[in-house]
Amino acid sequence: MTGVCQDEIITMQRCRRGSPEAFESLVNRYMKDAYFIALGFVGNREDAMDLSQEAFVRAYRNIKHIKPGRRFFPWFYQILKNLCISHLRKRRYRRASSLDGEDCPEVAATTDCFSPEAVAARNETKDKVWQAISKLDAKHREVIILRHFQNMSYDQIAEALFCNKGTVTSRLYYARKRLQELLGTESGGSTHDMP
Amino acid sequence: MTCHDFKDLMMGYLDNELSDESRRRFEEHVAGCPECAQELKEFKRLKTITDEVTLVEPEDRLWQDYWNGIYNRIERSIGWVVFSVAAILLTIYGGFRAIEEIIKDPKVELLFKAGLLALLVGLAILFVSVLRERLYFWKRDRYKNVRR
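If you're matching them up, the sequences are chains L and R in order.
Residues in the first sequence are numbered from 1 upward in steps of one, following the working numbering.
Residues in the second sequence are numbered from 1001 upward in steps of one, following the working numbering.
Hints listed in this document are in silico derivations from the structure and should not be mistaken for laboratory results.
These figures come from a predicted structure and were not determined experimentally.
Hints should not be assumed to be uniformly reliable.
Unchecked claim - Residues from chain R shown here face chain L by an in silico Cβ test under 7 Å; the list is partial:
id	residue
1	Asp1008
2	Met1011
3	Glu1017
4	Leu1046
5	Ile1049
6	Thr1050
7	Val1053
8	Thr1054
9	Leu1055
10	Val1056
11	Tyr1066
12	Trp1067
13	Gly1069
14	Ile1070
15	Ile1074
To be verified - Only pairs whose alpha carbons sit at most 27 Å apart, straight line, appear in this in silico BS3-like list of lysine-lysine:
id	chain 1	residue 1	chain 2	residue 2
16	L	Lys128	R	Lys1041
17	L	Lys32	R	Lys1047
18	R	Lys1044	L	Lys126
19	L	Lys126	R	Lys1047
20	R	Lys1007	L	Lys135
21	L	Lys128	R	Lys1007
22	R	Lys1047	L	Lys165
23	R	Lys1047	L	Lys128
24	L	Lys165	R	Lys1044
For each residue, glycine too, the CB sits at the ideal point set by N, CA and C.
Throw the hints in and build the complete structure from the sequences for me.
This is how it looks when you write it as structure tokens:
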């Protein structure tokens, strides 16, 4: 997904000189990744579309600040992640300000409002997994998103998160442990009970 | 190596990220450690059900309009900046001309002119003070060079 290539280096140079066409080609290359990562963070399609586009707008405004030779995606990922986390914070604040989770009663007790419609070919198990992912904290949720939904390698995840592979491994371990707990608690048993 | 060390290899094993040598060592350990074998089994089950969750792909129309949405936002934000700068410049110019006329007008009382000038001096002091404070904190911002 984020392989180093001469083409991207040239495109980035053109972007730094202010070429919208060059930026459009970067958008076309990464828009699906951006959308699905945002969807993994915020859980509903409208917000994911809006936040991923806003992240590209901010990237366009700041692209001249990227050091030459640096890759676009890890830098862009930080912008997108910060936007999503900020959005979640505002959403939680709004919900806390209202009386309770009336606007999202099915997951009022959870941390975030994940729409089940975001999942393809839904069934009970997938819905439970999706809701369990919504309850992970941000640093655990992001490794699950990048690994499972984006199919990124540990090296690519480490580059996007500005950490080493050991940290990625450790976060994945604890994220999956937490997922097991959540699924176990929710189903009244454990992942053994699942098909 | 302890079980804890092998737990670090477990994720790599699950995700096919281990070298042949590490994979062989991990498999040897699991063959002789029922606890790790059980944990691995549970993680495999979790990975299988998590991998089955795929997200709905938006309609093609949305992808076709995606760049237009971004371009419109960029264009509008530039429009707002130009509009704001022009509005500020025109307000300053209009205000300056209005004040100039009031000051030059002999029919306006001296007390009103003095009050107006004092108001302007006060505003200027407030503006400079806020600007200086902002500059002070900006220069000492430890995070201003955070890697982008």
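- Query: Which hints from the list above does the structure break, by number from lowest to highest?
  - Reply: none
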